Amino acid sequence: FSPAVANAITLTGQYLIHLAADEVRRLGYKVIYGDTDSLFVDAAAEDPGLALQRAEEIRVAVSAMLVRRLREEFGLASYLELEFEKCYGRFFMPEVRSGAAGSKKRYAGLVAGDSEVVEFVGLEAVRRDWTPLAKRFQRELLDRVFHDQPVEDFIRAFLADLRDGRLDELLSYKKAVRKRLAEYTSTTPAHVKAARKQQGAEQQRIVEYVMTTAGPEPVDTRRGALDYGHYVDKQIEPIADAVLRFLSIRFGDVIGRARQLELL
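Sequence positions in the sequence shown follow this note's numbering and run -3 to 260.
Be a bit skeptical, because a hint or two may be false.
[Said to hold, decoys possible] As a list, the in silico EDC-like pairs of lysine to aspartate or glutamate whose alpha-carbon atoms are at most 16 Å apart:
{"no.": "1", "residue 1": "LYS82", "residue 2": "ASP33"}
{"no.": "2", "residue 1": "LYS82", "residue 2": "ASP43"}
{"no.": "3", "residue 1": "LYS230", "residue 2": "ASP216"}
{"no.": "4", "residue 1": "LYS101", "residue 2": "GLU120"}
{"no.": "5", "residue 1": "LYS101", "residue 2": "ASP31"}
{"no.": "6", "residue 1": "LYS189", "residue 2": "ASP216"}
{"no.": "7", "residue 1": "LYS101", "residue 2": "ASP43"}
{"no.": "8", "residue 1": "LYS101", "residue 2": "GLU112"}
{"no.": "9", "residue 1": "LYS171", "residue 2": "ASP125"}
[Unchecked claim] Pairwise CB distance ranges (calculated):
{"no.": "10", "residue 1": "GLU81", "residue 2": "ALA178", "range": "42 to 52 Å"}
{"no.": "11", "residue 1": "PHE(-3)", "residue 2": "GLU81", "range": "43 to 53 Å"}
{"no.": "12", "residue 1": "ARG67", "residue 2": "PRO234", "range": "29 to 39 Å"}
{"no.": "13", "residue 1": "ARG65", "residue 2": "PRO(-1)", "range": "24 to 34 Å"}
Think of the hints as simulated: they come from the structure by calculation, not from any bench.
Quantities reported herein were computed from a predicted structural model and do not represent experimental measurements.
All C-beta atoms in this analysis are idealised placements derived from N, C-alpha and C, irrespective of residue type, glycine included.
Please model the complete structure; the sequences and the hints are all you need to start from.
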């Protein structure tokens, strides 16, 4: 392994992406986001057919620019093959919590030409560390947003189902215990607290637990009442606010803070 070669590859990739992004802007289009191997571009087209046409024009122009720049600056022939991957009719990329920039590798999009396909990348809907409750909520919320359907009544109905116990089967967390339980001393994560209440916990490497009014408890031996307020605060509200801010709607205004307290 050569760190110098690895760094050179990374820097070359960044250089080429910056060149490509600059060319896209020169052509008059907005670059939404770029990473090591891809660019997201606003094609400024309402019609999917026009968007696809512009995407191909951009691909051809950027490819030609790279051939020219590599030849002129380095005397090299370009063997790069730019690929147009897909077109989203609607697109969502949450903001980084500390600022207004897009969050890397986290987005959802409604694939153009197929109104039934919403793709999720890096969001809670496809991550293992979120509950099935959060995943269902995010999928259904974004599906409504992408199809221009109202969301306020959906959110209130979803929380009513949560409060009334109709979504209890979606509340479990699953997390791995990576050390012996006795080795957790300075801090004790929720899944470790639950594991310590579980018989045979040392042999159980994946802990499935729920949050109750008595704290985290294993699913199979739960005694406390489910803490619905926890799920609103930690699983529903962060997802809702990330989406609703783009609609100029506040989660607290939708449900009313007095109503939220009923879930505690």
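Results of checking the hints against the structure:
A threshold of 16 Å between alpha carbons decides the hint, and for LYS82 with ASP33 the separation of about 14 Å falls inside it, so the pair holds. The suggested pairing of LYS82 with ASP43 holds, with an alpha-carbon distance near 14 Å, which does not exceed 16 Å. For the suggested pair LYS230 and ASP216, the alpha carbons sit about 22 Å apart, so the restraint of at most 16 Å is broken. Straight-line distance between C-alpha atoms of LYS101 and GLU120 comes to about 12 Å, which keeps the hinted pair within the 16 Å bound.
Using a Cα cut-off of 16 Å, the hinted pair LYS101 and ASP31 holds, with the two alpha carbons roughly 8 Å apart. Only pairs whose Cα atoms come within 16 Å are accepted, and LYS189 paired with ASP216 is accepted, the gap being roughly 15 Å. For the proposed pair LYS101 and ASP43, the alpha carbon gap of about 26 Å is over 16 Å, so the pair is violated. Using a Cα cut-off of 16 Å, the hinted pair LYS101 and GLU112 is violated, with the two alpha carbons roughly 22 Å apart.
Restraint check for LYS171 and ASP125: the C-alpha separation of about 7 Å stays at or below 16 Å, so the hint holds. Here the CB-CB span from GLU81 to ALA178 is close to 49 Å, well matched to the stated 42 to 52 Å. Taking 43 to 53 Å as the suggested C-beta distance range, the pair PHE(-3) and GLU81 does not conform, at roughly 30 Å. Between ARG67 and PRO234 the C-beta distance comes to about 49 Å, which lies outside the given range of 29 to 39 Å.
At about 27 Å, the beta-carbon gap between ARG65 and PRO(-1) stays in the expected band of 24 to 34 Å.
Of the numbered hints given earlier, the model fails hints 3, 7, 8, 11 and 12; all others are met.
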